[in-house]
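J.: Residue-level listing of the chains:
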Amino acid sequence: MVSKKLRIVNKQGFHMRPASDFSSQMSKFPCKITIKTLNGVTDGKSLMNLIAAGIKYGNEIEIICNGEMEEQALEKAVEMVENGFGEE
Amino acid sequence: MGCVMQGIGVSGGYGLGRAFVTISETFQKDDNKQNNPTEQLERFRKASEEFVDNNNKLYQKLLETAGKKQADIIKSHINILSDPYVKTETQKGIENKKSAETAFGEVCDNFIKLFEASEDEMTRQRAADVKDVKNEILSILSGKNNADLSQLETDSVVFIKEITPSVVASIDKDKVSAIVSETGSQTSHASLLANAMGIPAVLGVGKFDENLKNSDFVIVDAFTGEIFVNPENDVIDSYKQKQKEFCENLNDLKKYISRKTKTLDGFDFELFGNIGNADEAKTVLENTADGIGLFRTEYLYMERHMPPGEQEQFEEYVKALKIMDTKPVIVRTLDIGADKEVSYFHQKKEENPYMGLRAIRYCMKNKEIFDCQLRALVRASAYGNLLVMIPLVTGLEELEFFKNQIKLIMREFDEKSVSYNPDMKLGVMIETPAAALTADLFAKYADFLSIGTNDLTGYTLSVDRGNADVSDIYSVFTSSVLREIKFVIDCAKKQKKSVSMCGKAAGDKRLIPLLVSFGLDKFSLSPNDILLARKTICCCDKKEADKLSKTVMGLESKEQIVNTLDEFIKRNKL
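From first to last, the protein sequence lines are chains E and A.
In terms of numbering that gives the first Met the number 0, the first sequence opens at residue 0 and continues consecutively.
In terms of numbering that gives the first Met the number 0, the second sequence opens at residue 0 and continues consecutively.
What the hints contain is simulated information worked out from the structure, not anything from laboratory work.
Worth double-checking, as some hints may not be accurate.
To be verified - Stretches of chain E that chain A covers, calculated by requiring three or more beta carbons in the stretch to come under 8 angstroms of a beta carbon on chain A:
(1) 17 to 23
(2) 43 to 50
(3) 74 to 86
Said to hold, decoys possible - Below are the DSS-like pairs computed for lysine-lysine, each with C-alpha atoms no more than 25 angstroms apart in a straight line:
(4) 364/A <-> 10/E
(5) 74/A <-> 10/E
(6) 27/E <-> 347/A
(7) 55/E <-> 569/A
(8) 261/A <-> 74/A
(9) 55/E <-> 130/A
(10) 261/A <-> 31/E
(11) 55/E <-> 112/A
(12) 569/A <-> 75/E
(13) 35/E <-> 261/A
(14) 67/A <-> 10/E
Each residue gets a CB set at the ideal place from its N, CA and C atoms; glycine is no exception.
Sequences and hints are given; from them, build the entire structure.
T.: Here is the structure:
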């Protein structure tokens, strides 16, 4: 299992487009991907649960990958969040 | 028989033809029966496949017709259905002997409830997307829309519960003359879809009349939203005439593309377009306008969490400037308040918002927001012909404040060697009686004036256009408003300043001859109205218009004014 804590840097947080991109990228990895927030844990491959989690700008999250290709999955997840999903 | 149904016309045009009614059924809650999970899983899998297929096609179509932002809505719908959690939960339901409809419906309903309960507005809006996906899957499962629509005869008017991507994908444009739906509104996705189809459409008529049958003859007016079923011959004739004129007008107007806007006796005028984002500048160019007369920047602030940053705004303004090349682009600074709310600004509820903290008043009280926009604008001024104006002024103090802020920013940019256009023109919008009455002062100190007729008319007549009890009072064809307009134009001329008009009235055939006579320099219109206005001006004779304005300005009642203008239009075939 690998994990990393980081902050959401794009101003609109995990809204539709980022959550949509993120979940479809994560779905390409076989391992289990979990996002831990202040309010609980969310399946990183589920667009709907990501939106329901209401993760906002400045929130701290922990990304946990567990299983096959976990290193690569975490690397990709961190890259997407740190780049603010290509938004401001 | 009169109009039997009333909805919202969204795409314009008329449709005449035979009704084709798809049965509007909500899906059956079956689950007393025991369903066969293997069968239900297969049904769900097939419906999902069809959904993805339809939406992928629609995505491509929207990319071409409506742009990426709109197309992305459809892409996100595909992603909702592809969500692994949604899939496994639906499967679980099916394994518990539920039907595909119930299993999927329940999963969606849970998210809809969850999203709707959110404190966050953006999340609440997502509930609508989930509803869209749910409804479409259910309609595919019901097998109603698809099989039927491929069997249409020519000149069909399709009556359907809801316009969904699968409807759009399966409809044959050559056979459908109009489409009518029970649900949907101006701002719904259905409206976007109707426009993408390019078919006259009326949405949101509510439950269809029970007496409506297949093969009934119907007329759909996609301007007014009226639907006539088995109308009398005279109604049919009048609509046939309207449709003929509509088509002729469309062709006739095309002749005015790239023409000069010149009266019969050789007086030149300029036609500008109104836009809400940089991309719309393309439509303005397509209609061969001379520039952008009103860039409404508040739309950049709406439907998001935070105001757009300086860089983002800068890029948007530069984009518009580049599209317009050397043509002028007049940007109006943030105009919020009254009917335009932005959630993250936390505007206080006001007793009387039209008289409250709105437009330039809001910006003067929230300097950091205003400053951010002005900085982006000053930076953008280096990249084209940019002019900036402020909305809703009532006195010179507001103009002074605006000019000072710009001066401070320019001074700072000098120190930092940021490039900008030091000659950037600064103007004001005349849309209050206070500003109109002191137009001589504004003409002296501002570089240009722009008359906003919507608010000017409302404030002058003290009437809320949205209030049905008094909206009949609202009219630009009143002595009071016309005198104001004339005075503002006269004041600008005296100071040799440019004066434009934006708002619906600038494109009104009846007002145009008066404006030609008053000597308005620029007409700024919604891009679709540009060619019609050009035609009207090109068919106008200034000498005749001068006579008309002399008469009209001497009239005493609204009725007399309107009648005289109507008569003029008829006589001169405008």
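J.: If you draw a straight line from the CA of residue 35/E to the CA of residue 261/A, is it 25 angstroms or shorter?
T.: Not OK: residue 35/E and residue 261/A at ~66 angstroms, beyond 25 angstroms, violated.
J.: Between the region 43 to 50 of chain E and chain A, see if three or more residues pass the 8 angstroms beta-carbon test, and mark the coverage as holds or violated.
T.: holds (count 6)
J.: Quick one, are residue 261/A and residue 74/A close enough, alpha carbons at most 25 angstroms?
T.: With a Cα-Cα distance of about 47 angstroms, the restraint between residue 261/A and residue 74/A is violated, given a limit of 25 angstroms.
J.: Please verify whether residue 55/E and residue 112/A have alpha carbons no more than 25 angstroms apart.
T.: holds, 20 angstroms
J.: Does the structure keep residue 74/A and residue 10/E at a Cα separation of 25 angstroms or less?
T.: holds, 22 angstroms
J.: Would the hint linking residue 364/A and residue 10/E be met if the CA-CA limit is 25 angstroms?
T.: At roughly 24 angstroms apart (the allowed maximum being 25 angstroms), residue 10/E and residue 364/A satisfy the hint.
J.: Given the hint that residue 569/A pairs with residue 75/E, does the C-alpha gap stay at or below 25 angstroms?
T.: violated, 68 angstroms
J.: Holds or violated: residue 27/E with residue 347/A, Cα cutoff 25 angstroms?
T.: violated, 46 angstroms
J.: Is it true that the CA of residue 55/E sits at most 25 angstroms from the CA of residue 569/A?
T.: violated, 60 angstroms
J.: CA of residue 261/A to CA of residue 31/E, is that 25 angstroms or under?
T.: violated, 69 angstroms
J.: Does the region 17 to 23 of chain E contain three or more residues whose Cβ lies closer than 8 angstroms to a Cβ of chain A?
T.: It holds, with 3 qualifying residues against the three required.
J.: Hint check: residue 67/A vs residue 10/E, CA-CA at most 25 angstroms. Holds or violated?
T.: Holds, because 20 angstroms separates the two Cα atoms, which is no more than 25 angstroms.
Hints 3, 6, 7, 8, 10, 12, 13 from the list above are not met by this structure, while the remaining hints are.
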